[in-house]
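Visitor: Now for the letters of each chain:
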Amino acid sequence: MFSGASNFVNGVDKTFFIILGISFFFLIGITFTMIFFVLKYNRKKKIAAVQLKDNTWLEITWTLVPLALVMGMFYYGYMAFIPTRYPPKDAMEVKVIARMWKWSFEYKGGKQSDSLVLPVNKAVKLNLESMDVIHGFFIPSFRLKEDVVPGKHNYTWCIPEEIGQYEIMCSSYCGVRHSYMEGQVVVVSEDDFNKWLAALPDKSKETKSEGFKILQNNGCMGCHSIDGSKIVGPSFKGLYGSTVELVADDGTKKITADSTYIKESIFLPDKEIVAGYQKGIMKSYDNILKKEDVSKIIEYLKTIK
Amino acid sequence: MENELIHKEETRDDTAAKLGMWIFIFTELLLFGGLFIVYSVFRTQYSREFHQAALELNVTIGAFNTIVLLISSMTIAMALTALQKNNKKLSLRLIGITILMAFVFLVNKYFEWGAKFHHGIYPGSELMMKFEHGHLLYFSLYFFMTGLHALHIIAGMVLLSVIFFRIKKGIIHSEKYVFLENGALYWHLVDLIWIFLFPLLYLIT
Amino acid sequence: MINATTTMESVSYLDHKGKYKGIFAWIFATDHKRIALLYLYAISTFFVIGAILGLLMRLELISPGQTIMTAQTYNGIFTVHGIMMIFMVVIPGLSAIFGNFFLPILIGAKDVAFPRLNLFSWYIFITGSILAVLSQFLRSGPPDTGWTFYAPYSTATGTNVIFATTAAFVLGFSSILTGLNFIVTIHRMRAPKMKFFSMPLFPWSIYATAWIQVLATPIIAITLLMLIAERLFKIGFFDPAYGGDPILFQHMFWIYSHPAVYIMILPAMGVITEIIPTFCQRKVYGYKAIAMSSLAIAGVGYLVWGHHMFTSGMSETARWVFSLLTFIVAIPSAVKVFNWLATMYKGSIDLKPPLLYALSFIFLFSIGGLTGLVLGSLATNIQVHDTSFVVAHFHYIVFGGMGFGFFAALHYWFPKIYGRMYNFRRANIAWGILFVGFNLLYFPLFIIGMQGMPRRYYDYLPQFQTGHVISTIGGIILIIGLFLMIRNLVLGARKGAKAPANPWNGSTLEWQIVSPPPQENFDEDPLIKNNPYDYE
Amino acid sequence: MSENATHITEYKTLGIVLVTLLFFTLITIVVTSFDLAVWNVVLALVIAGTKGFLVVTYFMHIKYESLLLKILVGMVFFLFALILVITFIDYAYR
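Residue numbers (my numbering), protein chains in the order written: chain A, 1 to 305; chain B, 1 to 205; chain C, 1 to 536; chain D, 1 to 94.
Isolated chain A, as found in the complex (with noise of 0.2 Å):
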């Protein structure tokens, strides 16, 4: 917490050590007086208990004051918030795509990175998409959070302050690889920030094949690697016609990959399971996926080898 690089961060961390402060002091002042009765009116004394009246005015007092305090943690919290909702006219746009595990943004023009680049002291407003489940965007240095709900369209905002590296982190729970939903923001002089941003490959005019849209639109990459590396499911790499063993509640079977498996596979994915992969995992594509979509998926998995 100790380390801020945005402009939100000043208000946060006073509300922050304003009501960590006053609390302390509650603290402290409550567990004194805890320790100091048992000692001071400890029956091992012998003194009798004495009985006390009711006093409203004490009880009026221990209500209205506590009243007042958080109504003050209130305040200093909610103007020190409200900025954070409302982002300069002019501020650039950035979109940010979260999809199951794995950031990417959107700058103006379409071209696409991987890890956050923004140009110091500039505002910046980041739209937040999901493609899939609800997901946090979480950049603990510039004290900023919000949730990327699917179909919703949220946004945040801020102006990065200190040039450096800063870590992305997902917060909202988001399944198997929640905690390596993890990217980078790097904030970087106005001048370097043009320069990046020139030499990013566009990559939305790259011709890829349909299949590989589709994977990549519906999340399959997030499970399944193309370059043979094992993420959460089998890769993709040299899948199509290789053997595969699978496990399944009759026993285990070698079969060849080839289209009627795959199909199957993006279907009823429980009903046989890779050996050496966990079941339940992988939701059924039925009513998602089309069968052309399937199609066109197969005749891209012939093409990697």
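Source of the hints: derived by calculation from the structure; they are not laboratory data. Please note that a few of the clues may not be correct.
[Claimed, not checked] Okay, derived cross-link-like pairs now, DSS-like style, lysine-lysine, Cα gap no bigger than 27 Å in a straight line:
| id | chain 1 | residue 1 | chain 2 | residue 2 |
| --- | --- | --- | --- | --- |
| 1 | A | Lys213 | B | Lys130 |
| 2 | C | Lys498 | A | Lys44 |
| 3 | B | Lys176 | D | Lys12 |
| 4 | B | Lys169 | B | Lys85 |
[Stated by the list, open to error] Residues on chain D that point at chain C, a partial pick, calculated with CB under 10 Å:
| id | residue |
| --- | --- |
| 5 | Leu68 |
| 6 | Phe80 |
| 7 | Phe88 |
| 8 | Ile89 |
| 9 | Asp90 |
Where a beta carbon is used, it is the ideal one built from N, C-alpha and C, also for glycine.
Given the structure of chain A, go ahead and fit chains B, C and D onto it with the hints provided.
Guide: Relative to the frame of chain A, chains B, C and D by itself:
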């Protein structure tokens, strides 16, 4: 156990039983209340689609069912009055009519749902998946709300049948009628919910 | 105990001979005290299982990367830990065990209003629990949604969500029926001379709790039903692919689940309010203020659910309204703490194990409550929402609060329940280990949470490791303390010295009857005082 | 809350209530068949509320029950209204 029975007889407390039933009714009201929250949220978001989708429901069937339920609500209230006045025969008859009305309601519902199913409109159907969002949500709400309500009708029928036979056997009688009173309360609840479901689903077009 | 005479005076409820023998005398019992013990044994079992699952998670987190389990297993474990601890331990915990046992006695009644319904709710509870456990072993694998079942993850995941939600649904029923029973009991079964304002304060807190159980649980019931229908039929309420709204699910979920936190903590506050006057021999300070603050917490507690959703993208207006209401709900809790302290003032304080637990409750609950202010404030919430700060805050409230309140109740009423006493020295040692372990376990999580350690993380950045290591060591110490405490109590129940009727010189009704209480609680009409805590 | 002194509702009262309810049902159907924009919803709900009030008061005997029960019924409806309003503080200001 025998001891216990005597002990229970001693502490028989009709007010407690009634209070318990009312608290149970509160929970039922809030159960449907949750659905009404969902309904109102989607209605404000998709008011145009709800408008159009509601036109596809048959107001006549809905209105008929409303009348059926209102009458049954009165007959069960009268059954209680009859029993309190020690007119067992009339009370039994009135409960019989109430159960019959409930049955008529369900038959009606069966035909209404059946017609929808026949057109391929049912939860999860291929046709419904192709609907626009507001349209789909309207029908999902329609099936969910009326379905849950129909389950309550069935539960009410079972409860009233039990009461019917208990009155016949003389377990419930003019001095000890709190069971009938509670059964009637439950039946009025079912009616009460329908009073709100009817305009929300059938009329606001 | 075995040679209990059958003379007029008091056959204890433990020895009472009814129609059934052996285990059937328990599982068919309609006596509120026996049902309370049925709950006690079931809930304790679930608590121990839940605690072990918690320890497994801590062990996994002792180092970054895979330590003892895969990510999917970890997700399954924190889900079942949550479902078990929330729905099967802390929500029924105090009200079903001690509410059942002592509510009727404290108001001078012979039983609850509907004894058979009471037994029936125990059966529903067990059915729900079995379903929850079954969900772990069925074919598609343990649910991995977290206990919050957030859509659309819960509508999409391939794991066994339907069983788990059905379990929560069934458990909710049990909770409703128990609450209903208690409300009617308090309204209709009080001893003739006992007015509402001469009831002890534990019944007051149970009363407030029962209203929450009755009026909030239906909302979660319908929400879970919709979630199940969503998975089965794609009705689309919560899935944006069909026009639904995931935020609506969160609203519906927290409309219940926030008040549910008060279902957990209010009875614990009631227990503390019983223990402090007894061990200080003082009339409770501000009786009416404490009674009314229970109702205030229950009432305002309905209206603050949105503070779980400050970062979900709610409207700004909703965010500040919920923040304001959240700060207001802190006041009645503060009032209670001040009244407890004032009750100790000029008392004659006897630091026996129950009071030790009660005072540590006040300490831990204060930490939990005060960190709640950090979470309730909009600006700071942005930083700590969904981090381990929340985990720590929640456990300080629910384990430090409800858990220690539960242990306090157990040590306080133990001699009344079993008619035997546990060993004080061992109880004190177990308390010390528990207390140290607890703080070591959860305090570091506040710090790494503020630094940005998200919750429900299986793996983490290396800078958080120190905090996690301390926390895991705390977890191990806590489990040792827990084991020592349970062992001491079990030994006490089986071989402890016979306890007198009123070992603590308490003033409320349960101490006026023999230990353990007779079948019908009161052999003669109890003496009702105007103020239940009258020591003069 | 005197024990076992229950009010017996006369057949005639119940009959009158039923006729009123049926009359209101007719009115809603007629009224909502005109397009009055938002007022359709408001009118339909007001009429439904009135009908509900009649059912609770006469069929469910709330009129003759203890003050406690009257307060509780009021409280439940009030609580529900409050929850609905607060939910809409989110949806109305988005």
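Visitor: Hint compliance check: list the failing hint numbers for this structure, sorted ascending.
Guide: Of the numbered hints given earlier, the structure breaks none, since each of them holds.
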